[in-house]
Amino acid sequence: MNTRIISSPDRLAVGLYGLLLVYTLNLIVQTLDFSDPRARLFPLLFGVPTALILGLLTVRGLMPTKFDRVLPTRSVEEESETAGGELGWLTVVIFASFPFVAYLFGFLITVPIYTFALTSRACDDVRTGIAVAVVVTVGWWVVFVELLNVIFYEGILL
Amino acid sequence: MADPVTTAVGIVAQPGNFFLVCAGVLFGLLMGVIPGMGGVVALALLIPLTYGLDPLVAFMFLAAVLGGTNYGGSITAILLNTPGTATNAATIFDGYPMAKQGRAGEALGASAAASALGALLGIVVVVALIPLMEEIILTFGPPQVFWLALFGLTIIATVVRGNVLAGLASAGLGMLFAFHGFDPVTGTPRYTYDITYLYDGIKLIPALVGLFALGEMLDLLDKGEMIAKDRNDDVDVGSGRLKGVLAVIEHRWLFLRSALLGTVIGMIPGVGGTTANYVAYFQAEKSASDPEAFGTGDVRGVIASEASNDAKDGGGFLPTLGLGIPGSASMAVLLSAFLLHGIQPGPLLLQNHMDIFAVILLSLLVSNVLTSVIGLSLAGQLARVTLIPIGILAPVVITVAFIGVFTVSNNIYDLFVTLGFGVMGLGMARVGMSRVPMVLGLVLGPIAQQAFLRSHQISGGTYGIFFADPMSIILLVLTLLSLFLPLLKPMVMNHFGGVRS
Numbered sequence: 031m032n033t034r035i036i037s038s039p040d041r042l043a044v045g046l047y048g049l050l051l052v053y054t055l056n057l058i059v060q061t062l063d064f065s066d067p068r069a070r071l072f073p074l075l076f077g078v079p080t081a082l083i084l085g086l087l088t089v090r091g092l093m094p095t096k097f098d099r100v101l102p103t104r105s106v107e108e109e110s111e112t113a114g115g116e117l118g119w120l121t122v123v124i125f126a127s128f129p130f131v132a133y134l135f136g137f138l139i140t141v142p143i144y145t146f147a148l149t150s151r152a153c154d155d156v157r158t159g160i161a162v163a164v165v166v167t168v169g170w171w172v173v174f175v176e177l178l179n180v181i182f183y184e185g186i187l188l
Numbered sequence: 011m012a013d014p015v016t017t018a019v020g021i022v023a024q025p026g027n028f029f030l031v032c033a034g035v036l037f038g039l040l041m042g043v044i045p046g047m048g049g050v051v052a053l054a055l056l057i058p059l060t061y062g063l064d065p066l067v068a069f070m071f072l073a074a075v076l077g078g079t080n081y082g083g084s085i086t087a088i089l090l091n092t093p094g095t096a097t098n099a100a101t102i103f104d105g106y107p108m109a110k111q112g113r114a115g116e117a118l119g120a121s122a123a124a125s126a127l128g129a130l131l132g133i134v135v136v137v138a139l140i141p142l143m144e145e146i147i148l149t150f151g152p153p154q155v156f157w158l159a160l161f162g163l164t165i166i167a168t169v170v171r172g173n174v175l176a177g178l179a180s181a182g183l184g185m186l187f188a189f190h191g192f193d194p195v196t197g198t199p200r201y202t203y204d205i206t207y208l209y210d211g212i213k214l215i216p217a218l219v220g221l222f223a224l225g226e227m228l229d230l231l232d233k234g235e236m237i238a239k240d241r242n243d244d245v246d247v248g249s250g251r252l253k254g255v256l257a258v259i260e261h262r263w264l265f266l267r268s269a270l271l272g273t274v275i276g277m278i279p280g281v282g283g284t285t286a287n288y289v290a291y292f293q294a295e296k297s298a299s300d301p302e303a304f305g306t307g308d309v310r311g312v313i314a315s316e317a318s319n320d321a322k323d324g325g326g327f328l329p330t331l332g333l334g335i336p337g338s339a340s341m342a343v344l345l346s347a348f349l350l351h352g353i354q355p356g357p358l359l360l361q362n363h364m365d366i367f368a369v370i371l372l373s374l375l376v377s378n379v380l381t382s383v384i385g386l387s388l389a390g391q392l393a394r395v396t397l398i399p400i401g402i403l404a405p406v407v408i409t410v411a412f413i414g415v416f417t418v419s420n421n422i423y424d425l426f427v428t429l430g431f432g433v434m435g436l437g438m439a440r441v442g443m444s445r446v447p448m449v450l451g452l453v454l455g456p457i458a459q460q461a462f463l464r465s466h467q468i469s470g471g472t473y474g475i476f477f478a479d480p481m482s483i484i485l486l487v488l489t490l491l492s493l494f495l496p497l498l499k500p501m502v503m504n505h506f507g508g509v510r511s
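If you're matching them up, the sequences are chains G and S in order.
Quick note on our numbering: the first sequence kicks off at 31 and runs consecutively.
Quick note on our numbering: the second sequence kicks off at 11 and runs consecutively.
No lab work stands behind these hints: they were computed from the structure.
It is possible that some hints are incorrect.
Said to hold, decoys possible - Output of the computed footprint for chain G on chain S, the stretches with three or more beta carbons under 8 angstroms from beta carbons of chain G: (1) 150-160; (2) 189-198; (3) 289-295; (4) 406-413.
Where a beta carbon is used, it is the ideal one built from N, C-alpha and C, also for glycine.
Just chain S, with the same shape it has in the complex (with noise of 0.2 angstroms):
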């Protein structure tokens, strides 16, 4: 790997490369800094703007947004109560009460610290395991990639939050609306009413932005609240950060432990970084001798659910680029952006672009550095920037959201159909259903779609080849049991449950 990573260091240390790392933490902590923001809505933002960069400059402007809305979200969980984003969420369990104590500037250096240190963790844990993920990714051909992009659907559309069937749902709609257009393989028009812009299809971008950008914002207008549960005006961050950063190192098994759980959660297809400050907040509060000194403002509680946090990303990237299949619903959206540049997310990816790997873990560990050294000095101003009420933010935010998906291909119609999709997810979004699948749907469909007729052209037009080797029959498996458990899970629980009473 060393000569990636002499590209990625080089890429980086530019002058002006390094100054949009820059503003692409500074634009992340911002972003993570307002609930409802976050990592998604940033990235949907920002990919049709990237559309004219190179493809390395693209990934690592956005690896480093990534990064800095990790940290942005425990800021106003700990000053105001608020997680920006859902990732955070756990933070506030002591985050805040460690604030009321006059400790925020404690937190706010353990939060700072356990996410920088984290997030290098989660880096050199998925490093480590590259050469094992490319002798796996050598196994793969055709099959095996019709079997994973569906494992990948299934897997995520019954794990993320909401109904399991709506989730399953919008998976097929994602497909279908995939396979709008001329078919690659047959150039049969498909679904095009006619239509010459319909012709090249329903594109990702517009779609992309108006399900996560456009229906996140028009959901923070209708429900028209405030954007801090506990608004101060005069946010306090006082003294005491150096001694958080020192708490890091005073409990490192605990950052050991909450960082790696966090690496492995992110590795896990779908299970998304919600998850992952969860289970290592309360498996802090379980291994620790005094537990219910947790939620009273213990630093460890932050320093476990931050240390997660940020490692978690660096594990999602392992499944997200070395298979195609997101680790989350950032995740989802960055996959995206390769399609955006040309650049066929799945096993070959590591194979062949091993540079952007590189240089988006490289960004990323950059980012979240800076991130911490910013965040933590500019903690009290950036959190003023939740007074800004919803009703000029979401104005902004939708008009830049139009304006940035009319660049990418210059053409008008593309706003009606992110206008369609923007209202279609903030229906999606009240009703419970999830739209990570759909956008999944979107990215691989197509994937699939060519995989499996390939598979069918090598094999002379018969179906043996998707069952003849032992990583299909796993991918086989591994998609029925996700697809199948979640659905009876419940149906065998309400029976032992009736049986039992």
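Chain G on its own, in the form it takes in the complex (with noise of 0.2 angstroms):
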């Protein structure tokens, strides 16, 4: 099989259209184990073709000079709209944490923290963090707290 050296974007395309894939494959045998008929119908009905389209695009991610002049390919203009590269992967670790912090530590503790440690990252400054974790930390505490009397997760760990 002939691949070309591929591009970032479409490592990434064959990254997320392949893992999509297995996650649909998968849903698709346990589709397969349902006792009552009616249940498998319509996840089967759109799982399978949503299985081949994603096998398709995985492909054509591999092969593209093979597939592009017979499938819809993506524009220039979204080619130049997707291209990004400064989010480092500390920013995305402190992205992803917010339900980790929350889940163990509850709201008050993760608000605060979570708003300082992304907006410091994002803006490479300690003090544009600080100034707006308080802001943030005390808008929210207002508006949900008081306000509007929601109570939040406290955290399994305090």
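Hey, can you piece these two chains together into the complex? The hints should help.
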């Protein structure tokens, strides 16, 4: 099989489509075990074509030159719009931490710390992070806790 | 429609509710001004927060926000050469040159008047079409609802921006996500992995907020771009606003054509607002006796673009509320709000909840007028909001998004769902896979399944009921056309292009 050197956007596309394909195939396999045929019908009706399309997209990502003439492709405009690269790994980790930190320590700890960490990282400025964290925390407390009387999760560790 | 209108007026006119409309307008203006935000993100952020409100009040507020974002985007388009929302893109062509010539006030005045009057016209047309819509809806039973849901999925998946096949895959995935949890008909647990949280399935609001709000913010952080292409700390609006307003009256036939065009385009499922303002702009240019004036600071360009942009929302509500098929991405998000408040979108919405329809249209009308007045007065100040760095804006929005999701069900695990869909949403945005079909799959999946199984029961286990009447056949043909036409078109064009050469 001839594959050209895959550029970054195509690697991402192959990775994403491949992952979704694996997930869809997993769902299809589980569907076959459902006892009631009515419960199997719709998941199979949509799952199988979805898996086929995802398979096609994955293969297209690996061998784009073979498919570009016959399958709709992204326009040049869309290619440039999807360019990126400013997001560092640390920023992604911080971004993803909110549910975990909230689960462990509750919202009262998470909201200020998370906002501080993400803002400081994104702006590369600790003082800005502190200022934004204070404003967001106070705003959250006033609006959600005091005015709306929402009871927030307190964390399993505290 | 007299009683729903009376109800709607009574609700919107209450001081507390009117204050909410104003707040929605201001929030919408702010979100519209900031590129990367706009109607979709604004609605995705606010929908969880409206959970505790009365449904009529909630939809009134959301419609006001939607009205606000439209004009907000035109402010930065005119003053900073950066459209706040994609639906204001064509406004740049003449709006920014007008600002550079010192006629920003005139451009903003024309935009404000065209927006408000365009929205009014769109709503009038929709109201006039309601009796026709009601006639059509009376023919809808479970088989027709099934085909309609399928048509809605395929048309959206193939019309939205990005790869067509990816759009279809997105819709299919949305359906599969919707099938998680206990099957409501058979009681079979599907894809629960013995996790208690998943017995109720994947909830729509956490997925929605993750896909749009979180995905969008991550995307902005990743691009790390400046908000405005032409930053100018002295944003000078200047005078001439009244001249701009009067220009709409002077070019009334152009305005009418553009607004009607926007309304019709808004009614076509999936086409959305981005198309409306471009089509209206280019039709204005082509039909002018001096097309070379367009693009150099001609107020007609601003009028055409903005009139159609705001008229499209009125038109978009007809398929969204009447048939359950969204006219645009923000309408798809709005459909989710219906489900959150326990209202099933689809053909029966007009029959059973005409009061909601009336409240939404009236709120949209009031908000568009308020938006134009407030926006015109505060244009210069609002434009300065774009000076806020993305590094500050994105963390605030992300934090508010997580908080908002939690307030809906007070379930900490919703945050994990939001995170997962947020990461997936970023990946989808990167590879050109539209997220709108996925949301539609989440919304329409259960509807389609229930309609199918109900039809199957009615027919005593046979499938002939799905092909038994003209409406079903029409919807089936439309579904097949929407599915295969975009895929066949490039193959046909390549073949004939090869033959000719």
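Results for each hint:
As drawn, the stretch 150-160 of chain S meets chain G at 0 residues by the rule of a beta-carbon pair under 8 angstroms; below three, the given contact is violated. Closer than 8 angstroms: that is the beta-carbon criterion, and the stretch 189-198 of chain S has 5 residues meeting it against chain G, so the requirement of 3 holds. Counting residues of the stretch 289-295 of chain S whose C-beta sits closer than 8 angstroms to any C-beta of chain G gives 0, which falls short of three, so the coverage hint is violated. Coverage of the stretch 406-413 of chain S by chain G holds. Counting CB-CB distances below 8 angstroms, 6 residues qualify, and the rule asks for three or more.
Hint compliance for this structure: hints 1, 3 are not met, and every other hint is.
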